[in-house]
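Protein chains: 2
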Amino acid sequence: MENQFADRLIAAIQSKQTPLIVGLDPRWDQLPPAIRKDLEPADWNVKAAAYQQFCCEIIDAVCGMVPAVKPQAAFFEQLGPAGMAALAHVVDYAQQNQLLVIMDAKRGDIGSTAQAYAAGFLGRKPTSPWGCDSLTVNPYLGADSLQPFVEQCRITGAGIFVLVKTSNPGSQTLQEQVVESGTPVYQQVAQMVQELNSAHLGQHGYGSIGAVVGATYPQQLAELRQLMPNTIFLVPGLGAQGGTAADVAGGFDPQGLGAVVNSSRAIIFAYEREEYSGMNDWQAAVERATEETIAQLAEGTPAGQLRK
Amino acid sequence: MENQFADRLIAAIQSKQTPLIVGLDPRWDQLPPAIRKDLEPADWNVKAAAYQQFCCEIIDAVCGMVPAVKPQAAFFEQLGPAGMAALAHVVDYAQQNQLLVIMDAKRGDIGSTAQAYAAGFLGRKPTSPWGCDSLTVNPYLGADSLQPFVEQCRITGAGIFVLVKTSNPGSQTLQEQVVESGTPVYQQVAQMVQELNSAHLGQHGYGSIGAVVGATYPQQLAELRQLMPNTIFLVPGLGAQGGTAADVAGGFDPQGLGAVVNSSRAIIFAYEREEYSGMNDWQAAVERATEETIAQLAEGTPAGQLRK
Chain A
9 MENQFADRLI AAIQSKQTPL IVGLDPRWDQ LPPAIRKDLE PADWNVKAAA YQQFCCEIID
69 AVCGMVPAVK PQAAFFEQLG PAGMAALAHV VDYAQQNQLL VIMDAKRGDI GSTAQAYAAG
129 FLGRKPTSPW GCDSLTVNPY LGADSLQPFV EQCRITGAGI FVLVKTSNPG SQTLQEQVVE
189 SGTPVYQQVA QMVQELNSAH LGQHGYGSIG AVVGATYPQQ LAELRQLMPN TIFLVPGLGA
249 QGGTAADVAG GFDPQGLGAV VNSSRAIIFA YEREEYSGMN DWQAAVERAT EETIAQLAEG
309 TPAGQLRK
Chain B
9 MENQFADRLI AAIQSKQTPL IVGLDPRWDQ LPPAIRKDLE PADWNVKAAA YQQFCCEIID
69 AVCGMVPAVK PQAAFFEQLG PAGMAALAHV VDYAQQNQLL VIMDAKRGDI GSTAQAYAAG
129 FLGRKPTSPW GCDSLTVNPY LGADSLQPFV EQCRITGAGI FVLVKTSNPG SQTLQEQVVE
189 SGTPVYQQVA QMVQELNSAH LGQHGYGSIG AVVGATYPQQ LAELRQLMPN TIFLVPGLGA
249 QGGTAADVAG GFDPQGLGAV VNSSRAIIFA YEREEYSGMN DWQAAVERAT EETIAQLAEG
309 TPAGQLRK
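Each protein sequence line maps, in turn, to chains A and B. Add 8 to the 1-based position in the first sequence for the working numbering, that's all there is to it. Add 8 to the 1-based position in the second sequence for the working numbering, that's all there is to it.
Calculated from the structure, these hints are not laboratory results. Some hints could be false.
What the hints assert, rightly or not - Take a look, some chain B residues computed to stay more than 10 Å from chain A by CB distance: (1) Ala20; (2) Asp33; (3) Ala42; (4) Gln106; (5) Arg115; (6) Asn176; (7) Gln211; (8) Ala253; (9) Ala254; (10) Pro262; (11) Asn288.
To be verified - Within a straight-line C-alpha distance of at most 25 Å, the following computed SDA-like cross-link-like pairs (lysine to any residue) qualify: (12) B:Lys133 with A:Trp52; (13) A:Lys45 with B:Thr135; (14) B:Lys133 with A:Asn53; (15) A:Lys133 with B:Pro49; (16) A:Lys133 with B:Arg44; (17) B:Lys45 with B:Glu280; (18) A:Lys133 with B:Gln38; (19) A:Lys133 with B:Asp46; (20) B:Lys133 with B:Glu159; (21) B:Lys133 with A:Arg35; (22) A:Lys133 with B:Glu159; (23) A:Lys133 with B:Leu47.
Quick reminder that beta carbons are idealized off the backbone N, C-alpha and C, glycines included.
Construct the entire structure; sequences and hints are all you get.
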């Protein structure tokens, strides 16, 4: 097996000295005018080309600063097959620029269908057409639905992040229901993920089966850090969704490892924010917002240890 | 709003006099030799073209007999962008042949990301690039994650099927956990879905927010029929997954409405089955298996009422 995902991710975090990752969530209405121009938005091919250009220029701007990017599959899928071709190009371009790619697609199914998703997304080209380093996965279908993804990770050295506790208010509907054992559903999922990791730890004590834990519930983040000592967290919700550096601090171990923190809109559409209005171009605003978010995480969380 | 999905589906069920739908799950190793030939399977474009041909020929064979087809997105996504282009073509071809298309992609995300999936998949071209009639959706992220899909259904006349109880053994892991109110998680989801329907019923008393309920748990199917009187069920698991007509009977109302039953492998790869080994070609085996499954459902379930 190749060097496993957990070790590759931690090496990249240490090399870039930050756990910040940048979410690639292209939205037509927010694209910088320099890219949107007067293009006809009803044409999927034109929109897809604009999304591709936008994401590749973000990659140019941030590839020296962060360990990974997280493309959001939904925005590309919204453009149909043309969007999916652009997504594949963006994945390639990120990897050519030494970024790990965590595909945020929240896939999940049973048996051989889960195996098809796993084989499609995880691993390296040409064996896997998408060739991502990691993939977000939905656990509602149960333990056996995760198994094909876990096996694909073992074979290819890729990783997954299983949804444990999401950052939306409605995550209470199911995830916080308390079951007979006295624990909420999300803790049941947490235990399942932790167990999947325990037999396959990398050099730093972390496995490649990660967990998505929202930044909007700081207490749960700290509590889950205890419950899942060998699991890397993917923490969305920083910035536009309201999470701050203090909110995500509980997700780290004392060495500043154990979590990556995602910011999407606050970075990729930074040109819209008043404090960056004087900048030359939108790419400069992306760079500045990335630098500032990295500094906030270094100051407000154990990730500051990475710089020592 | 257009004629809503529930009414269009029921009209198609009544017209074809059966609730059987055919799952389009292309798998390279099982493709008929006439399609697989000596093609080089490592080439994604070649594979995607073979999947497209296979699915379109199945559509030719079954379009006069069933109300809908259910493409499984995973098998197309496994081929990368080339597979997604083939999937879009298959959706078009099915609709040109007067079949409704239920996209089995089990998507789910929060807020504007869920909205992107909804806008991409649901509705008609060219507004929606995929233009499907319905989509399967995963409820783990909670009530607010379903809302963008529900709104898109209201706007476009499309439908969704929310995963309630799946057909795999591991569905016990989460779905059968009993919460404090004394009911299992899947019943909580069932209530949520039923409530989403109650204010928007079509001509036959059913709404367009459906539920996926596996055929492998006959008692739960009958119990959920009671709990969700206004909800159409999508019942997978007939045939290859072990479900029989008797197992799915509890999913119907006394008029034979309220459910569609999916069969994939047992129909599309019927040519592999010994009882069809004497047939001229694989398409003839597909037709025969479809006819026989329709007859079994008419005999063993209330769907027999559709022929009266």
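Consistency of the hints with the structure:
1. Ala20: With a cut-off of 10 Å, Ala20 (chain B) remains clear of chain A, as the shortest Cβ separation is near 25 Å.
2. Asp33: Violated, since 7 Å does not exceed 10 Å.
3. Ala42: Nearest chain A Cβ is 23 Å from Ala42 (chain B), so the label holds.
4. Gln106: holds (22 Å)
5. Arg115: At roughly 7 Å from the nearest Cβ of chain A, Arg115 (chain B) sits no farther out than 10 Å, so the non-interface label is violated.
6. Asn176: The claim breaks: Asn176 (chain B) does not keep its Cβ more than 10 Å from every Cβ of chain A (closest is about 4 Å).
7. Gln211: holds (30 Å)
8. Ala253: The claim stands: Ala253 (chain B) keeps its Cβ more than 10 Å from every Cβ of chain A (closest is about 22 Å).
9. Ala254: holds (22 Å)
10. Pro262: holds (31 Å)
11. Asn288: For Asn288 (chain B), whose nearest Cβ neighbour in chain A is about 29 Å away, the distance exceeds 10 Å, so it holds.
12. B:Lys133 with A:Trp52: Distance ~11 Å between Lys133 (chain B) and Trp52 (chain A) Cα, so the pair holds.
13. A:Lys45 with B:Thr135: holds (21 Å)
14. B:Lys133 with A:Asn53: Measuring from Cα to Cα gives roughly 14 Å; hence the hint holds.
15. A:Lys133 with B:Pro49: At roughly 14 Å apart (the allowed maximum being 25 Å), Pro49 (chain B) and Lys133 (chain A) satisfy the hint.
16. A:Lys133 with B:Arg44: Within the cut-off at roughly 23 Å; holds.
17. B:Lys45 with B:Glu280: holds (16 Å)
18. A:Lys133 with B:Gln38: holds (24 Å)
19. A:Lys133 with B:Asp46: holds (23 Å)
20. B:Lys133 with B:Glu159: holds (18 Å)
21. B:Lys133 with A:Arg35: Cα-Cα ~20 Å, so holds.
22. A:Lys133 with B:Glu159: violated (38 Å)
23. A:Lys133 with B:Leu47: The given pair, whose Cα atoms are some 20 Å apart, holds under the 25 Å limit.
Checked against the numbered hints given earlier, this structure breaks hints 2, 5, 6, 22; the rest are met.
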